[in-house]
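As given, the protein sequences belong to chains H and Y, one line each in that order. Quick note on our numbering: the first sequence kicks off at 1 and runs consecutively. Quick note on our numbering: the second sequence kicks off at 1001 and runs consecutively.
By construction, these hints were calculated from the structure, which means they are not laboratory data. The C-beta atom is built at its ideal place from N, Cα and C for all residues, glycine as well. Just to be clear, a hint being listed does not mean it is correct.
Example chain H residues on the side facing chain Y (calculated, C-beta under 7 Å, incomplete) [to be verified]:
id, residue
1, F115
2, A119
3, S139
4, M308
Number of protein chains: 2
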Amino acid sequence: MDRLKEMREKVNRAIKEFLHEEKPPRLYEAVRYLPLAGGKRLRPIMALLACQAVGGEQTLALPYGAALEIIHTFTLAHDDIMDRDEQRRGMPATHVKFGEATAILAGDTLFAKAFEIVAGARLPAEVVARLVHSMALMSKEICEGQQMDMCFEELEEVDEAAFLAMIEKKTARLFEHACLGGALIGGGSREQQATLGDYGRWVGMAFQLWDDCLDVVGKDIGKPIGSDVREGKKTLIYIYAREHSDHTGWIPYHGKHDASPAEIQQVLQAFAASGAIDHATQKARGYAERARKALAPLPESESKRLLMDLADFAVSRGT
Amino acid sequence: MDRLKEMREKVNRAIKEFLHEEKPPRLYEAVRYLPLAGGKRLRPIMALLACQAVGGEQTLALPYGAALEIIHTFTLAHDDIMDRDEQRRGMPATHVKFGEATAILAGDTLFAKAFEIVAGARLPAEVVARLVHSMALMSKEICEGQQMDMCFEELEEVDEAAFLAMIEKKTARLFEHACLGGALIGGGSREQQATLGDYGRWVGMAFQLWDDCLDVVGKDIGKPIGSDVREGKKTLIYIYAREHSDHTGWIPYHGKHDASPAEIQQVLQAFAASGAIDHATQKARGYAERARKALAPLPESESKRLLMDLADFAVSRGT
């Protein structure tokens, strides 16, 4: 894990250097707020490892990895406005801290910066053009996923397939492109790019499903247990529990913003009793397993081992 | 003007084709709303003309021109949220029509689309990489300009130099990059790119200053006379009038949202009496003249003549 820590620090330094602009001060204070607030940096780390796993020099993928992390934080800043979330990474959300107008603008600026960084990277022009195309398609899908997520909030019933399609776009695609782009930068073959893209996508799915599980067991996520329940989020756990339990008892408390701790507990107990938590956990572990298996064609290396470890980490953190 | 109309229709078709996505329907309805609502398409037309003026085939610049128009509409959709403007192009603003969350997301999607279009265009990879870099830097400056504009709203006094620096970023830079990028695509030399970039920047300045003048004479802008006055916009006319009049009489009505028609008239009369409208008009015409002069090094051609005409149009529309 020392290797990962070292990479995280390298990524942090790169992000800080890329976001060096000063004027207007109010804008750039907001621009730096979330990206410099820490985070696991999983996406850029995966880009670096994917680059190395196909024989490339890790550092070549640093601008691309940093750009993806910046896109990630831009989507968080905008999502928090849309979802009316007031906390992020244990701090006030960007729009709470800087006002909504500047938060919208800071997100837009971060999005522009991501393309500036990649277009300005010392990479062959063909690689730049492909990375930009892939970042653009991915960003569009993240928006589509967020819109699907918002539409789900208004529906009484959402089925599992629709839910999985949503998180694939909203969360998994960014992991996929981190790995695929890293492999492209590292000079990997088309097959290796696809292999690493598959790995990234499955890790992303595992990661998101595990995140939803952590909400109901209340660990490692910087917000109180049952936050998703209180906000009425249509997670896989909710969807499964709704289909597999007599839901008349707990449904009224799901999405009840002023629910009492006892009411939240009643929902969480219904989730457990219906087998929904086990189902989501198994599903998350299944994706992590697919991710590990996807890596089989790659030659053994330290990077490959670290990618394997990250797939495990996706479904073990917080336990 | 038939040639310009023909080009506008070509641009309209291209934008419509590029924005073909269907799902989720709510998102893409919002995505198409502003871009397909018409508009003069000056920026893409200038990109096409700049391409042709250096000897390139006009159509080569169509994806880039469409992408810039899409970036322009994305900034309008987000600005309307930030500025709490409820009308745009004589219709409800995007956030009024679709809700704020979807309007933010539609803007983000348009921004992503712009990069997708350029990265997917049939152009040499070196050209794509340079266009993307230039689009990213330009978008960042548009955000900076919008933040400066928002900060100005909170200040009692803004000076002319700061105001001009703001509109250069917020408005002129997009015209500049339309022309510069068009020249790059058309195979123009570095000098020709710079020449056309200068032309575009000055036209953009002229265009914005003239727009502010039209607000106080009330023509051709799809909103009632004195809208900027009612909203308290710190235009060049306001800035000049504030410096060159006894402003105790009219200042209280500037930015008074429920000002009576008589109160608005009082502000407009003070603007005229102080010489502010003449000053802004002269300034706009001066920029248009600089734009025309910038074109001098280019060989004579129909495109060059049309670019000259557009510089005139920037400071004559609505009269």
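Tested hints:
Because the closest C-beta pair between F115/H and chain Y is about 4 Å apart, less than 7 Å, the hint holds. A hinted interface residue such as A119/H counts as satisfied when its beta carbon comes closer than 7 Å to some beta carbon of chain Y; here the least separation is about 4 Å, so the hint holds. Among the interface hints, the one on S139/H holds; its C-beta lies about 4 Å from the nearest C-beta in chain Y, closer than the 7 Å criterion. Evaluation of the M308/H hint against chain Y yields a violated restraint, the C-beta minimum of about 32 Å exceeding 7 Å.
Going down the numbered hints, you'll see the structure goes against just number 4.
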